[in-house]
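S.K.: Chain residues, written in single-letter form:
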Amino acid sequence: MDMKTSKKLGLKERYTMMTRDLAWDTTYQPMDKVFPQVGYEGIKIHDWDKWEDPFRLTMDAYWKYQAEKERKLYAILDAFNQNNGHLSVTDGRYINVLKLFLGSTPPLELMAARGFSMVGRQMVGAGPRVACQMQAVDEYRHFQTQIHSISNYNKFYHGMDEFAHQQSRMWYLSDGKSFFDDAITAGPFEFMVAIGFAFEYVLTNILFVPFISGAAYNGDMAAMTVGFSAQSDEARHMTLGLECIKFMLEQDPDNLTIVQRWIDKWTWRGTRKLASVGMMMDYMLPKRIMSFKEAWEIYFEQNGAALFTDLARYGVTIPKCFAQTVEEKEHVTHQSWLGFYMKPESTPFHTWIPGPEELDWLSEKYPNTFDKYYRPMYEYLDAQEKAGNRFNNKTQPMNCQVCVNTIKYNEPGDPMEMCFRETVYHGEKFHFCSGHCQEIFAEEPEKYIQTYISSHQALQGNCAPEGGDTRAPDFNPGQHIADYWRLDPRATGDFNGSEDQKNFAAWRDQATKN
Amino acid sequence: MTVKALADYQFKSSDALENYQGKQLLYINWEKHRMFSRPFVVALPPETMFSVIVDKYITDCYSCHPDFARIDWSAVVWQNSNTVFTPDPGKSLKENGIGHKDLIRFTTPGLNGIADTGY
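Line by line, the protein sequences are chains A and B.
If you're matching positions, the first sequence starts at 1 in my numbering and goes up one per residue.
If you're matching positions, the second sequence starts at 1001 in my numbering and goes up one per residue.
Don't take every hint at face value.
With a straight-line cut-off of 25 Å between C-alpha atoms, the simulated DSS-like cross-links for lysine-lysine are [stated by the list, open to error]:
no.: 1; chain 1: A; residue 1: LYS372; chain 2: B; residue 2: LYS1032
no.: 2; chain 1: A; residue 1: LYS429; chain 2: B; residue 2: LYS1004
no.: 3; chain 1: B; residue 1: LYS1023; chain 2: A; residue 2: LYS394
no.: 4; chain 1: B; residue 1: LYS1094; chain 2: A; residue 2: LYS429
no.: 5; chain 1: A; residue 1: LYS502; chain 2: A; residue 2: LYS513
no.: 6; chain 1: A; residue 1: LYS246; chain 2: A; residue 2: LYS44
no.: 7; chain 1: A; residue 1: LYS429; chain 2: B; residue 2: LYS1091
Hints in this document: simulated from the structure, not taken from any laboratory.
Next comes chain A alone, as it looks inside the complex (with noise of 0.2 Å):
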């Protein structure tokens, strides 16, 4: 007897039957009620079937691949684990990148996984909606791996374990908070320009490229192989953020100012976050791959430059802020490892003065800059901490009102000149670190009078450790504010010194000794 085998279905016939013959018009609610937030931004969708879905990637086959990256990412970190990896390292001061990029990342990952489960709720059209909802399991996974690649590192080096008690209210954490709190409570299709396109497609790189490619060349073989297993899920995202684009653009030619709007604000947010990426690059990793000047200018000034003349084809022009990074990759990594050089009480990571070769390393890499305005100044830092006066400013910094860094950059064409702006509100004076911040603000000001600037809730008695009373007659506003973040004070102060810097030595030396 003859079997009656149905054959198997192709690739796209599976995709459509898994995602879009699923999908449905509501009849009992209008579509606009079931799906309020789609309109409110101004986009105009005449035709969500005119979304292509570049990876038509089902459910099924979705979970199969992601177990399989899941399982060799975990046998690698538990080889490293057994074979105490974290002693193969270039050089103790390497985990303080671990403690900066770990202790960072995580809560922002689990915000992105919201902003895609939110965003992928509010999608009419179910190509854009499946895709959100891989993006938010994979944004879940990378916050799980990040975690579980910080806990052996926790077991010997101080400073990681209260990374989600200190996102909210450490002081520089706050720019990545804002960033991820701007782009989720905004509407859907911002978001998407905010964290699928600007961050994950024009900026992801110099992301990744300190992290991944800065452990791989330092010896961590962990923390590399969680990146690169994050990153196989970044070509997906990329795609997701480029399609929502063109998408956008070919539905109707309104959309188009609007879309430019977010390119421009969302391009400058997102250089103002990587600015403490560059310094790792520069100052962090004792291996270094390349300077975070030319990352900028292979992989934005090139490569994103590239980007935006193959969108010119819809309009869009390359972001407002590019003069102005392409001036400021001369300083920021300079001014930022400044930054938090100089306040050695209030990182949970330790901070150090290059050596010698490395400051040769930083001018010759940035001939234009860096003697003639860094290195004095960081010989003299040096200098200062050998005769037993380690530099400690100890007052409370001044934040920007839009993207929270602290006011720390130069004025644009005077390297010498703190750059400020400012708007008056209602009445009230808010401060900005550039023109491009004070043009956000201008966009939307009901939302920024509502920043958390972590000095400022210090001085209104907002930040007492717990069991203390702010209304004592005799509290200090900003006094606790050390253990009000459960700041660990073995993890804070200059590298040189500290007892991770001793116990790396001391361990590596019985790794490798008798």
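Given chain A's structure and the hints, the job is docking chain B onto it.
M.R.: Relative to the frame of chain A, chain B by itself:
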């Protein structure tokens, strides 16, 4: 421009004057001395004498810089944001026209930081 929202969108400023229990915020920056990375902020009653700003807050923060001992205070140029003004040290912040979240910038002519770098 105003924010686009689906519902009424009215929130208070996080740093409104009334949140500081009788004090006001003041930012201070020493121009061309960027070794301190950024200006600093303090919360003070508006009755605070301007002399306290110099004798306590500016001195506490900046005196570790080698230029500090060389400052000729009679030559210092004071600005409230971009506006040059001449503070009266014997008068209060309020009497000197200094309000909530004002930024006091001071320039010390001839002193331009470590090796004239602006730092």
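S.K.: Now, for every hint given, state plainly whether the structure supports it.
M.R.: Checked hints:
Restraint check for LYS372/A and LYS1032/B: satisfied, since their Cα atoms lie roughly 14 Å apart, inside the 25 Å limit. Straight-line distance between C-alpha atoms of LYS429/A and LYS1004/B comes to about 23 Å, which keeps the hinted pair within the 25 Å bound. For the hint pairing LYS1023/B with LYS394/A, the CA-to-CA distance comes to about 20 Å; that is within 25 Å, so the pair holds. Annotation: proposed proximity of LYS1094/B to LYS429/A holds, straight-line Cα distance about 16 Å (limit 25 Å).
Among the hinted pairs, LYS502/A with LYS513/A is consistent with the structure: their alpha-carbon atoms are about 16 Å apart, no more than 25 Å. Of the supplied pair hints, the one linking LYS246/A and LYS44/A holds, its CA atoms being roughly 13 Å apart against a limit of 25 Å. Distance restraint check for LYS429/A and LYS1091/B: the Cα-Cα separation of roughly 23 Å lies within the 25 Å cut-off, and the hinted pair is therefore satisfied.
Figure legend: structure checked against the earlier numbered hints; every hint is met.
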